[in-house]
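*Asks:* So you can see what is in the structure, the chains are spelled out below.
Number of protein chains: 2
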Amino acid sequence: MSWEDNVRKVVPYTPGEQPKVKNIIKINTNENPYPPAPAVQEALRTMDVDQFRKYPDPTCDVLVTALSDFYKVDKEKIFVGVGSDDVLAMAFLTFFNSDKPVLFPDITYSFYDVWADLYRIPYRQIPLMDDFSVKIDDYFVPNGGIILANPNAPTGAQLPIDAVEEVIKNNPDVVVIVDEAYADFGGQSVLPLIDKYDNLLVVQTFSKSRSMAGMRVGYAFGCKKIIKYLLDAKFSFNSYTMNMPALELGALAVKDRAYFEKTVSMIINTRERVKKQLIELGFEFADSKTNFIFARHKEKSGKEIFDFLRANNILVRRWDAPRISDYLRISIGTDEEMDILISKLKEFLNK
Amino acid sequence: MSWEDNVRKVVPYTPGEQPKVKNIIKINTNENPYPPAPAVQEALRTMDVDQFRKYPDPTCDVLVTALSDFYKVDKEKIFVGVGSDDVLAMAFLTFFNSDKPVLFPDITYSFYDVWADLYRIPYRQIPLMDDFSVKIDDYFVPNGGIILANPNAPTGAQLPIDAVEEVIKNNPDVVVIVDEAYADFGGQSVLPLIDKYDNLLVVQTFSKSRSMAGMRVGYAFGCKKIIKYLLDAKFSFNSYTMNMPALELGALAVKDRAYFEKTVSMIINTRERVKKQLIELGFEFADSKTNFIFARHKEKSGKEIFDFLRANNILVRRWDAPRISDYLRISIGTDEEMDILISKLKEFLNK
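Protein sequence lines, in the order shown, are assigned to chains A and B.
Heads up, the first sequence is in our numbering, so the first residue is 79 and it goes up one at a time.
Heads up, the second sequence is in our numbering, so the first residue is 79 and it goes up one at a time.
Here chain A stands alone, though its shape is the one from the complex (with noise of 0.2 Å):
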């Protein structure tokens, strides 16, 4: 006997990689190549630092009064937390405590199983159509919870809302979260569908659209009762996660609506005209509605192109997994970055 027979011993997710070295072009994690709205570097200069000696506000008011005023949504059917992760890990927690499976797809945001795994919950993961899509009637069965990624990740694709509705309309008994960290990109989202369905937890991030990865907020839409069930596990878990600079900055990026659409629109004209360009260069994806594309050469393994970009200072990301493995996540920078990937590949290409 000994105490780590009792540890709770799990594989855990591995994020994209980070690199320390500067110049290399970074479109591995999905990150926005635009900085965050100008009145969060102004708010940095004038922050009081005094107030940093006292806890934060648990409630999170500041944050979540600028997304009610930005989303009309009641503050009372809003959750925040430290990126759409911590949202996440805690509606797993919250809401997935059946003992029939869990179901999301085969292929989707990585993280999903992980959760699962740490809190010991059953799950089945459902094979996308060849073509990526999801076919909705495998989500007509018994089971004990249903996430989906809407637009799903890494694949990029959106599954129109009607067929979500259906999901959650054929699963009152149990929650269905949408996982719609891309959705700002042109997809479209459920939340409308908050007020009709109470089974349904909506989740959002910072990290993508609004240039804030490395400020971690994270927030989630659903009826009043689902969020209260959330913020009362989140409150047994940790009174204040948020941290001062998270409440305050993020409530600025929100309220700037015009910088938000502008940025949004200049990666949704770059996407448009990479995908054309990879398509030039023998490229096959899913139409994406993401700041990604998820894309294989005709040719050329996912690992050789890969390995080249590598090399000439491009990350992009790859999956060693069944059915993907000949796949590049290729996040969106700049239209300076992007001109140099596609150069790189017409190098690698001899084109």
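For the record, the hints were derived by calculation from the structure and aren't laboratory data.
Mixed in with the good hints there might be a few duds.
What the hints assert, rightly or not - Subject to a maximum C-alpha distance of 35 Å in a straight line, what follows is the list of computed DSBU-like cross-link-like pairs (lysine-lysine):
hint, chain 1, residue 1, chain 2, residue 2
1, B, LYS153, A, LYS132
2, B, LYS153, B, LYS306
3, A, LYS87, B, LYS306
For clarity, every value in this text was computed on a predicted model and none was experimentally measured.
Fit chain B to the given chain A structure using the hints.
*Replies:* Below, chain B without anything else, positioned relative to chain A:
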């Protein structure tokens, strides 16, 4: 059958009140009355907001390195998190997975039973002696883990470290967590014991002695093996728990040893003076080695005094709980704040 049947229902921890009005003497949550180290303010002014678009370093290296240098402990023996609450919440999840009960005192940090309830961990609360001391023999029984706050909260009493060592030594088959949130204010740390006992986890925080409650930084020390298990669980929960300001400003706060020692000794000096004044006014308390005094009056009820102070814009903390309902936990503020407290107490007591 409803999705609510599978919700993890809990009674959350209630943090101390965070009043939104100004002009209140807030000595209810053991915050530090002095601002963080001067370098923190300076760094805020020059922080590059563009970096916020990227994910923070998941290894938290800048902060871990600063702690390693300060405490002369290998980096592999250090864990950091979003306040010591986050560190403790992850430690409960990682290490307390036995069918036997986790042991802790009946009067201690009131989050311990909340975490146990959240994770459905069996636990047993062992009564402190009448003088609020821990009888260590009570912990030499079969159990699934032990957590001791030392100095204890809210009592402020320190258990001698040779007694803590007896508890660790006699429980080699479980993890013993020593929560040293208040150890910097004249208490003794068991940190040197991490190289002697592989079942020891020592937890500390920036919220008290480093004036950074609002930044949410906590940390733990243990042998390499225990820290590795904790990191695995943490990376299965959220890859990036600590945001860039917490990492950068936290590291600067650690580096300024002179400021740390100066402000800690100012608080100790104020505490020792206030102890004498409280005794003169008819209060009694266990000797405190923390930044608070847990005191009751020989004649007046705790509720009477609490209500009088509250009406006079002085906020202290009181629990309506067995054995301690007549006690007030008074955080040590500035000398000026404590002078006002003492003068109001004199007014109430007609002295």
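*Asks:* Now tell me, hint by hint, if it's right for this structure.
*Replies:* Verification of the hints:
1. B/LYS153 with A/LYS132: With Cα atoms ~28 Å apart, B/LYS153 and A/LYS132 stay inside 35 Å; holds.
2. B/LYS153 with B/LYS306: Holds, because 11 Å separates the two Cα atoms, which is no more than 35 Å.
3. A/LYS87 with B/LYS306: Holds - the C-alpha atoms of B/LYS306 and A/LYS87 are around 10 Å apart, at most 35 Å.
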